[in-house]
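Chemist: Letter by letter, the chains look like this.
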Amino acid sequence: MTMQTRDTVHEGIVMYGGSPKILMVGAGLLLAVLAPYVLYPVFLMKVLCFALFACAFNLLIGFAGLLSFGHAAFFGSAAYIAAHTVKEWGWAPEAGLLAATVVAGLMGLVFGLIAIRRQGIYFAMITLALSQMVFFLALQLPFTHGEDGIQGVPRGLLFGLFDLSQPLTMYYTVLAIFLAGFALIWRTVHSPFGQVLKAIRENEPRAVSLGYRTDRYKLVAFVLSASLAGLAGGTKAIVFQLASLTDVTWQMSGEVVLMTLLGGMGTLFGPVVGAGLVVTLESYLASTSLPVPVVIGCIFVVCVLVFRRGIVGELMHRLTGKGNR
Amino acid sequence: MSQLLGIPPQALFGQLLLGLINGSFYALLSLGLAVIFGMLNVVNMAHGALYMVGAFVAWLLLSYAGVGYWGALVLAPLVVGLIGLVLERTMLRRLYKVDHLYGLLLTFGLALIFEGAFRHWYGVSGQPYPIPDLLKGGTNLGFMYLPTYRGWVVAASLLVCLGTWFAIERTKLGAYLRAATENPTLVQAFGINVPVMVSLTYGFGVALAGLAGVLAAPIYQVSPLMGSNLIIVVFAVVVIGGMGSILGAIVTGLGLGLLEGLTKVVYPEASNIVVFVIMAVVLMMKPAGLFGRER
Amino acid sequence: MPDGMHTKTAMLEIADLHGYYGESHVLHGVSLEVRQGEVVTLLGRNGAGKTSTMRAIMGIMGKRTGSIRFQGQELIGMAQHRIPRLGIGYVPEERGIFSSLSVDENLTLPPVVKDGGMTVPQIYDLFPNLKGRGSTQGTRLSGGEQQMLAIARILRTGATLILLDEPTEGLAPVIIEQIGVAVRALKARGFTIVLVEQNFRFAATIADRHYVMEEGHVVDMIPNDQLDANMDKLHTYLGV
Chain A
18 MTMQTRDTVH EGIVMYGGSP KILMVGAGLL LAVLAPYVLY PVFLMKVLCF ALFACAFNLL
78 IGFAGLLSFG HAAFFGSAAY IAAHTVKEWG WAPEAGLLAA TVVAGLMGLV FGLIAIRRQG
138 IYFAMITLAL SQMVFFLALQ LPFTHGEDGI QGVPRGLLFG LFDLSQPLTM YYTVLAIFLA
198 GFALIWRTVH SPFGQVLKAI RENEPRAVSL GYRTDRYKLV AFVLSASLAG LAGGTKAIVF
258 QLASLTDVTW QMSGEVVLMT LLGGMGTLFG PVVGAGLVVT LESYLASTSL PVPVVIGCIF
318 VVCVLVFRRG IVGELMHRLT GKGNR
Chain B
462 MSQLLGIPPQ ALFGQLLLGL INGSFYALLS LGLAVIFGML NVVNMAHGAL YMVGAFVAWL
522 LLSYAGVGYW GALVLAPLVV GLIGLVLERT MLRRLYKVDH LYGLLLTFGL ALIFEGAFRH
582 WYGVSGQPYP IPDLLKGGTN LGFMYLPTYR GWVVAASLLV CLGTWFAIER TKLGAYLRAA
642 TENPTLVQAF GINVPVMVSL TYGFGVALAG LAGVLAAPIY QVSPLMGSNL IIVVFAVVVI
702 GGMGSILGAI VTGLGLGLLE GLTKVVYPEA SNIVVFVIMA VVLMMKPAGL FGRER
Chain C
188 MPDGMHTKTA MLEIADLHGY YGESHVLHGV SLEVRQGEVV TLLGRNGAGK TSTMRAIMGI
248 MGKRTGSIRF QGQELIGMAQ HRIPRLGIGY VPEERGIFSS LSVDENLTLP PVVKDGGMTV
308 PQIYDLFPNL KGRGSTQGTR LSGGEQQMLA IARILRTGAT LILLDEPTEG LAPVIIEQIG
368 VAVRALKARG FTIVLVEQNF RFAATIADRH YVMEEGHVVD MIPNDQLDAN MDKLHTYLGV
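Residue numbers (our numbering), protein chains in the order written: chain A, 18 to 342; chain B, 462 to 756; chain C, 188 to 427.
Excised from the complex, chain A in its bound form:
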């Protein structure tokens, strides 16, 4: 892999190293806690769901060098599972989310077993094709209700205690879910496992020759990424009380790629920034007559041509003053 994301893991550690960085993280957390008093909670929750989705996706592309073009399959399917278990079977939201995460993880296992047999471009095409299969299944299976989707999902009581129909309660729940997912990704990236993934991204044959069974590492990363994408999708279904076909389309897979690319592949915070920007942009565009896909497509093209480090990647590059290596 020669994507320009090499040093950012290392730089991510640096971000946590100095005390000003801790202050920044603290300030960020404080902002997240206070935000719903200024901005619409629903908007913020949407950002958080997509931020988690993008972080999960970034775990693969940014830290293992695998471009999945089918992550909507996990996000969308998990949304269906959460919506169905909560609405039709009357499960508690936490149980629905757990089921959603587990199902997404299992799907990730199946996808992974098939897709890790090829690399690079082929990997992207295979994941895209498999996710399209999931799209057709979602279109045809009765429990997804086709074009209508699963509507009117009750938010319910979290752990039987917290009433999620209260916007602030729902918001802090989503924030907690996001932070837990983010922390897990952070831990993974900085663990020995994450180091091996990085080694595979840099030079897979060398990792193989060092005795690592790289396929297993890639598979575990894939399953983890799919599960977290599922957690994000399930949460989104509870928040919006809706699971629909939109979330399993290839356009959705493309959107999460864009969020990550825009924010900075291989940076921990990049996908969060990217998700925030894309969601903001889309809600802004919705009130104009500009065609959303065209704008999104243009951002894609510009990012790929002249802004491959993404926002956070570029910032880190400038701040640390590291030249090309």
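Source of the hints: derived by calculation from the structure; they are not laboratory data.
Check each hint, because a few of them may be wrong.
Cross-link-like lysine to any residue pairs, in silico, SDA-like; alpha carbons within 20 Å at most [to be verified]:
id, chain 1, residue 1, chain 2, residue 2
1, C, LYS250, C, HIS212
2, B, LYS558, A, VAL318
3, B, LYS558, C, SER211
4, B, LYS633, C, GLN324
5, C, LYS250, B, PRO656
6, B, LYS558, C, GLN267
7, C, LYS250, B, THR646
8, C, LYS374, C, ASN386
9, B, LYS558, A, LEU227
10, B, LYS747, A, GLN136
11, B, LYS633, C, THR326
12, B, LYS747, A, VAL318
13, B, LYS558, C, TYR207
14, B, LYS558, A, GLN212
15, B, LYS558, C, LYS250
16, B, LYS633, C, LYS374
17, B, LYS558, C, HIS268
18, B, LYS558, C, TYR208
19, B, LYS558, C, ARG251
20, B, LYS633, C, PRO298
21, B, LYS558, C, GLY209
22, C, LYS250, B, LYS747
23, A, LYS215, B, VAL559
Please arrange chains B and C on chain A, whose structure you already have, making use of the hints.
Modeler: For chains B and C alone, coordinates are given in the frame of chain A:
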């Protein structure tokens, strides 16, 4: 499998013909993808969008310039090919030195732009495109009724596919192309302008998609979304066939189209996903694809 | 400079050539000249810059500074595909036979750039091994045959200067003998040849002069007739 006996041959052959037509489009599109991939190492995600553009160019020519089907059959691929040349010269070219995934991402963005723009202008509903007079009607073959236009599509696609195969495998120009696919630097060191060849290859590959779009216009309606779902199936076809061989792309495309048609008869619910299932099975058994070489 | 050399004009003049692959600086001021009809070798250890010099001449290098003049024309800054069209043929170290092309297709691939190239029958006379192998896949030939094919395909083009990168590498002595015969025949036909060689015994049988390279530049020039007198020096250079 006992259902198979209960199916009237008319329905069976009708679905197989539909499958063959889909297969013709798979073959044309995967051929273009394979040619582009071989030379540029780019998976052209914009291929489906450019197929749609080809169909739209035909429709626009007819609606606004009075140019009919036969004119469009020549002009639309030229227009799409020119668009391809511009895209390669201005954008794709900058990405050859970075990871190949960026080529995929760029062309994905381009696909969004093309589809979004046509959707913005023409909405999602399809525009009808008439079958040219010469190809109206049909023939009763005894066991089935063959609409002339559909027969023409299969024949024309096959002809173009085989012509492309011949040009690549049996001509001097094709030898340059094959050589440049293997070792562009050396071919350049023989005095051949490889960057121009690369541009022309991309232009030719997408022109094939444009041609497929014109052929498809009278069968499917001309709609902004006609390419996006088709192209994902074509990606699966390409993974199944492997990118190694031109003939492989053609054979796999036609074969999978037929198989899809057959599935529609036997178990209609699975017809949308059968190609993807086959892809998974092939990958488990032969990761490089049926005709592919590990690379 | 020995007497008698002034009578022929320089065909290729390289002056203070620096070359880079990405960030790494591989050529550090190469200067040399090759006259019409000469066979000149570049000798040196691995990594001395011999192959890089050839690639720099052909323009297969990220960045070059200095001057490379062929028949008076400056090659630095010229579009890559125009360089061979001036009449320079390149036979790369790895031979570069295309596996997806037949022997015939490999042979006729490089376009004819000048009049006066050899005809296919003449080429078969020079390399009888290639005769009758036309439809074989290029890479099915033996190593020696592939080397012959790599040289043969350049001869058709009318190129007058031939860059031969290690034509004997990895070949059996009897094949090396054949390649030597062919190179001498080419010299007799008036081709100008620059030869990269590790095997200076082979080089000594065909070359007029030898340039010795070290660390990306030319450190010495030894005319072939003074080779014996300079053997000790050469051994030191090459570390044999």
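Chemist: With reference to the structure, classify each hint as holding or not holding.
Modeler: Here is how each hint holds up against the structure:
1. Note on LYS250/C and HIS212/C: the hinted pairing holds, with a Cα-Cα distance of about 9 Å set against a maximum of 20 Å.
2. A hinted pair counts as satisfied when its Cα atoms are at most 20 Å apart, and LYS558/B with VAL318/A qualifies at roughly 17 Å.
3. Restraint check: the Cα-Cα separation between LYS558/B and SER211/C comes to about 17 Å, which is no more than 20 Å; the hinted pair holds.
4. Between LYS633/B and GLN324/C the alpha-carbon distance is near 16 Å, which keeps this suggested pair within the 20 Å criterion.
5. Taken as a hint, the LYS250/C and PRO656/B pair is honoured in the structure, with Cα atoms around 18 Å apart against an allowance of 20 Å.
6. For the proposed pair LYS558/B and GLN267/C, the alpha carbon gap of about 17 Å is at most 20 Å, so the pair holds.
7. Proposed proximity of LYS250/C and THR646/B is supported: the alpha carbons are some 15 Å apart, at most 20 Å.
8. Of the supplied pair hints, the one linking LYS374/C and ASN386/C holds, its CA atoms being roughly 19 Å apart against a limit of 20 Å.
9. This hinted pair does not check out: LYS558/B and LEU227/A have alpha carbons roughly 28 Å apart, beyond 20 Å.
10. Taking the CA atoms of LYS747/B and GLN136/A, the gap is near 14 Å; set against the 20 Å cutoff, the hint holds.
11. Using a Cα cut-off of 20 Å, the hinted pair LYS633/B and THR326/C holds, with the two alpha carbons roughly 19 Å apart.
12. With a CA separation close to 34 Å, the supplied pair LYS747/B and VAL318/A exceeds the 20 Å bound.
13. Taking the CA atoms of LYS558/B and TYR207/C, the gap is about 16 Å. The hint holds against a cut of 20 Å.
14. Among the hinted pairs, LYS558/B with GLN212/A is inconsistent with the structure: their alpha-carbon atoms are about 26 Å apart, more than 20 Å.
15. Restraint check: the Cα-Cα separation between LYS558/B and LYS250/C comes to about 15 Å, which is no more than 20 Å; the hinted pair holds.
16. With a C-alpha separation of about 30 Å, the suggested pairing of LYS633/B with LYS374/C is violated against the 20 Å cut-off.
17. With a CA separation close to 19 Å, the supplied pair LYS558/B and HIS268/C stays within the 20 Å bound.
18. Our distance criterion of 20 Å between C-alpha atoms is met by LYS558/B and TYR208/C, whose separation comes to about 13 Å.
19. Using a Cα cut-off of 20 Å, the hinted pair LYS558/B and ARG251/C holds, with the two alpha carbons roughly 19 Å apart.
20. Our distance criterion of 20 Å between C-alpha atoms is met by LYS633/B and PRO298/C, whose separation comes to about 10 Å.
21. Simply put, LYS558/B and GLY209/C have alpha-carbon atoms about 12 Å apart, close enough for the 20 Å limit, and the pair holds.
22. The straight-line distance between the Cα atoms of LYS250/C and LYS747/B is roughly 43 Å, outside the 20 Å bound, and the hint therefore fails.
23. A C-alpha spacing of about 18 Å is found between LYS215/A and VAL559/B, which places the hinted pair at or below 20 Å, so the restraint holds.
When each numbered hint is compared with the structure, violations occur for hints 9, 12, 14, 16, 22.
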